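Protein chains: 4
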Amino acid sequence: MTKFLSDNAAAVHPAVWHAMRAADQADNPYDGDALSAELDARFTDLFGRECAALWVATGTAANCLALATMCAPHGAVVCHEEAHIEVDEGGAPGFYLHGAKLIHAQGEGAKLTPRDVAAVIDPIRDDVHQVQPHALAITQASEYGRTYSPAELETLAQFARERSLGLHMDGARFANSAALLGGSAREAARAACGTVDSLAFGFIKNGGMNAEAVILFDPEVADQVRYRRKRAGHLQCKGRYLAAQILGMLDGDVWLANAAHANAAAQEIAHGCGERLMHPVEANELFVRLTATEREALRAQGFEFYDWGEDAARFVAAWDTRQDDATALGKAIAAL
Amino acid sequence: MTKFLSDNAAAVHPAVWHAMRAADQADNPYDGDALSAELDARFTDLFGRECAALWVATGTAANCLALATMCAPHGAVVCHEEAHIEVDEGGAPGFYLHGAKLIHAQGEGAKLTPRDVAAVIDPIRDDVHQVQPHALAITQASEYGRTYSPAELETLAQFARERSLGLHMDGARFANSAALLGGSAREAARAACGTVDSLAFGFIKNGGMNAEAVILFDPEVADQVRYRRKRAGHLQCKGRYLAAQILGMLDGDVWLANAAHANAAAQEIAHGCGERLMHPVEANELFVRLTATEREALRAQGFEFYDWGEDAARFVAAWDTRQDDATALGKAIAAL
Amino acid sequence: MTKFLSDNAAAVHPAVWHAMRAADQADNPYDGDALSAELDARFTDLFGRECAALWVATGTAANCLALATMCAPHGAVVCHEEAHIEVDEGGAPGFYLHGAKLIHAQGEGAKLTPRDVAAVIDPIRDDVHQVQPHALAITQASEYGRTYSPAELETLAQFARERSLGLHMDGARFANSAALLGGSAREAARAACGTVDSLAFGFIKNGGMNAEAVILFDPEVADQVRYRRKRAGHLQCKGRYLAAQILGMLDGDVWLANAAHANAAAQEIAHGCGERLMHPVEANELFVRLTATEREALRAQGFEFYDWGEDAARFVAAWDTRQDDATALGKAIAAL
Amino acid sequence: MTKFLSDNAAAVHPAVWHAMRAADQADNPYDGDALSAELDARFTDLFGRECAALWVATGTAANCLALATMCAPHGAVVCHEEAHIEVDEGGAPGFYLHGAKLIHAQGEGAKLTPRDVAAVIDPIRDDVHQVQPHALAITQASEYGRTYSPAELETLAQFARERSLGLHMDGARFANSAALLGGSAREAARAACGTVDSLAFGFIKNGGMNAEAVILFDPEVADQVRYRRKRAGHLQCKGRYLAAQILGMLDGDVWLANAAHANAAAQEIAHGCGERLMHPVEANELFVRLTATEREALRAQGFEFYDWGEDAARFVAAWDTRQDDATALGKAIAAL
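Protein chains in written order, with this note's numbering: chain Z, 2 to 337; chain G, 2 to 337; chain D, 2 to 337; chain B, 2 to 337.
Read the hints as simulated data drawn from the structure, not as lab findings.
None of these values were measured; they are calculated from a predicted model.
Take these hints with a grain of salt, some might be off.
For chains that are exact copies, the list does not tell them apart, and a pair is met inside one copy or across any two.
[What the hints assert, rightly or not] With a cut-off of at most 25 Å between alpha-carbon atoms, the simulated SDA-like pairs for lysine to any residue come out as follows:
#	residue 1	residue 2
1	K4	D117
2	K4	P151
3	K332	E109
4	K4	G33
5	K4	R126
6	K4	N29
7	K332	A38
8	K4	P30
9	K332	A23
10	K4	E39
11	K4	D127
12	K4	H130
13	K4	G253
14	K332	R290
15	K332	T45
16	K4	T45
17	K4	A301
18	K4	D128
19	K4	Y307
20	K4	E82
21	K4	R290
22	K4	A23
23	K332	R43
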């Protein structure tokens, strides 16, 4: 079987294994080890803006720890109605933000524009009976595999500032957007990140095992997050193995190469999809119109993937997807 | 330097590495993989009682997820005043239990007896102005390296039932108590666990990397915990690497052998301590009366350890402590 | 000026004042007084089902205390997208339910049918990534002044049982629906209540000062609510003044007479509205299509009311609305 | 029977009734009415410092709303181990502060000094494993009827500033301390309040019905409290009746006269107690050593009061305690 189910269950990249093994001697516990101590500087260098970087085991925790710095319990976070934090995190924002609300905006391709956000927050009366928006959360790449351009990000950031909203980026597939935008690692990272206030920088779907990075561009709030990470039971005592994973991905720009590889595989598949594509392919996910019969036909050829509603399927390419398999899938779809 | 600082930063045992590497191909994400699916049965077999077993990355999360099943937000958990959940988990119980209270009991060696618990809950008026106790949390081995005997556990369990208190065991060093109590793996596990309602079974300090097991002896509540684990951001998508760690420790009873090794090292040290011991050594930790000068002398010989207040030190033996080093430390203390 | 702004700021009914004054000597504090002790029996008699009844100062608190008995922090409450708990309670459900989610259903006139509810909960995957529905909240009379019939309530209750959902009724204007459904006080109360699990029985908008009743038809959960009421700072030490208000409204069926009066006034107004009515008038609220110019004309005649969007107005009749004023308003609208 | 049980169930003062009746016509709902609008200015004038003042129905809510402005969910509030917020508020701080911790200090007469506070916070390690103190809560008059002098308050305020702790005063019996310190209403209020950051100014025990005032001396945080008050279900729609109570007590300094009266009655009783007094009488409460036999003898004479442990009793004088009754009680005790 050739799996295009999800990148979230892929194997771990050799560079990550290598880095973890290299960390296999006692060091200070928690985040007191030498590897964890490197993170702030490494991400500050990557993004060209001073930031704090904390490892955490899941994207859900990363998103929620960041959001909690910018939305009070009595406030709300605006996000797309199909955002992962709304739909697929088991209510984690409600837990971490102590009952704050998510306000659902609509936008094409699970992306948001200032107009989309204004449509849901402008009608909110400025009184205590209605929950006021405190933050805005976007996803890069979006839940439909779309990438915000630097210009779109700048427009959103400006809007957020005007409305006094914190701006958080769920970057579970941040690397794929960065790879799409192109350039060196620094150029790509900066283009994909824009000037958000915080970023959940995903490594797990891109070859890591269980380490994501919460990037806080206001280092003053990082201390609060350190306390909240512990309080959430996310401060691992052998944290060096998480720091190692992240550093193993940063060294030699493995993160960017892996994402570029997955993106290329997605493009291979896209070549065969033509009009069937529901969204432009701007990362490593494809949403493809396929009837039940067509899906059955593909599965009979050994391709594994998820249905997407009744008339479509989702394919995800990963860092370890073989280009041959991607090409074969593209051809199989084209041949339907 | 020879480190007796803590077992919480020790290296990862080869059997754990081996099991993790063996899990390095795509499987179903989250806890849908083959390895995670084994856990319930494996622990049910070990403990001889039906149970559900969920992996989670830290002992703090394990404790809090279990406690949340037995204490409502408006209730309280009774624990020792020096319990880890009270002193060292950054307020995690307050977070996971939505503001429930911890009631502090006193007891010798950080252990609790029914009398100790009754002393703090009997004065609580049965009215809405005072927070009522819902659960009791004990630590095996205790924060001072003491082990509850099966008889002590049975007395506590009976007391908890009489008072309608849930009974949770923080087993960060559960294996060390089990090893002390002796017998086969099954005998040791059952002796150390008694009939508690839930157990946070620690593997990390005993050779694991970042996987503990929450054991729920009422499988009906396990579903609730599965939702809460996700909600807390603790459901890793590549959960098979955590299941693998636990299974790697269960296979061949590595968990018991590692703990027995650490306990033996602790006894080696204890031989040299005589009257200096503040607590009987019933696991892998030693609390030893040592003046500042004496501690300095030991450090000058290359021993690393933490001060324990002004006039004592704590030494912790780990699964990878060399017996020679332990012997040497015991002799060095004896020679002071 | 003749006020049709809202019933929520009306004066206090003489019977309520009388009852409060009669309570003006020391009694046991909190809810230990003689008046508070009467409540359970009085409402059990009224509804013909065993229940517990607790006073509380606001409808928001009443709703949230009840909902917290049927929805865990990791669950969700289904409600209409324009439900008061979603739109106008400042996020109180998120606070009282510790981050539980509200799921928004659509339904005509802010009422819900099983089909409306199924439309939003059937698509929820039964896995830990999605928040599962635990409860259903309806409003009687609805936010658009609509009344659920006994048959509609029975259908909903059956649906809720089938789906294992708790069923709560926000009855801020419960009396108005009861009055509409008609019959004796017992008949009206039972018809309007159906077999919900809990009811926030509103008295404030109907002539009370600051006392609502939380009615819990599962008396076993009432104890939990008593603890939670205290924990929320809603256990007043001179609670007898709240119990007095409620009893003052129950005695002589003042609650029903007041509501009937307000309903009648609303019908007076409705007579003049004809096709302008956006919703059938089944309680004491009217939503009337009126242009800005028309609204201005009415205000110039001394009528006070709120705009409802750009092209409509809301009029609310209260227990103390004079029928003459209502008739005059109806005529004024008809004359536009 | 002559009641010395508590001031918390006393009747309502005529001035309060009068003010409430005067408010009995429709005005803007919630806190949009003319009376609520007066509060900020009235308390600013009283205290001579700019402040915001919000009514709320209970002292528990008042304390918790104020504390939530100065202690994050991951922080702690230091209070006396017998403080009302710790012992008698049903865990409300845990609810309102989203799981923040209370740290228990010891101090004579339920008062705290900087030394008392330092004794519990100095040992807290400055790391994420331990909950850090964010705020300090004191009670004026204390739970044992003791009054902080202006000098003591200044020392505490300075200490709080040095340690970056917010400083809150639970003033359930603030008026009694003010009356003890003496002078005009302004002088007394300022002397009793010192420079705390927030005050829960109690009126209910002193002749009110169900309105306390949360005083926030940093008006910038008041907006946050307005949102949180609504979110806690404490924004009453007919709020004018609460504002009226407070204004009725402020007008003509009724609050101060009532407290002075109660204090005087307490002194009457104290005259008969001599060495039996467990604490100096500095407000309206007395804690008196009395054997069970003695207590029985007093009760046989018609005096009602609570036992205080096994060998003592608590007597509370209220605004409506008759001096004759107080004198009689004092004599009865002296005659034992």
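Consistency of the hints with the structure:
1. K4 to D117: neither (35 Å within a copy, 38 Å between copies)
2. K4 to P151: neither (32 Å within a copy, 50 Å between copies)
3. K332 to E109: neither (28 Å within a copy, 49 Å between copies)
4. K4 to G33: Between. Shortest inter-copy distance 16 Å satisfies the 25 Å Cα cut-off; intra-copy 39 Å does not.
5. K4 to R126: between (49 Å within a copy, 22 Å between copies)
6. K4 to N29: Between. Shortest inter-copy distance 11 Å satisfies the 25 Å Cα cut-off; intra-copy 40 Å does not.
7. K332 to A38: neither (48 Å within a copy, 36 Å between copies)
8. K4 to P30: Between copies, since 12 Å is at most 25 Å while 38 Å is not.
9. K332 to A23: neither (42 Å within a copy, 33 Å between copies)
10. K4 to E39: between (36 Å within a copy, 23 Å between copies)
11. K4 to D127: Intra 50 Å, inter 24 Å, cutoff 25 Å: inter-copy only.
12. K4 to H130: between (49 Å within a copy, 22 Å between copies)
13. K4 to G253: For K4 and G253, the Cα distance exceeds 25 Å both inside one copy (27 Å) and across copies (33 Å).
14. K332 to R290: within (15 Å within a copy, 59 Å between copies)
15. K332 to T45: Neither way: K332 and T45 sit 43 Å apart in one copy and 49 Å across, limit 25 Å.
16. K4 to T45: The answer is neither: 36 Å in one copy and 33 Å across copies each exceed 25 Å.
17. K4 to A301: Only inside one copy: K4 and A301 sit 13 Å apart there, 58 Å across copies, limit 25 Å.
18. K4 to D128: Classified as between: cross-chain Cα gap 22 Å, same-chain 51 Å, threshold 25 Å.
19. K4 to Y307: within (10 Å within a copy, 50 Å between copies)
20. K4 to E82: neither (28 Å within a copy, 40 Å between copies)
21. K4 to R290: within (18 Å within a copy, 57 Å between copies)
22. K4 to A23: between (31 Å within a copy, 19 Å between copies)
23. K332 to R43: This pair counts as neither: shortest intra-copy Cα distance 41 Å, inter-copy 45 Å.
When held up to the earlier numbered hints, the structure conflicts with 1, 2, 3, 7, 9, 13, 15, 16, 20 and 23 and fits the remainder.
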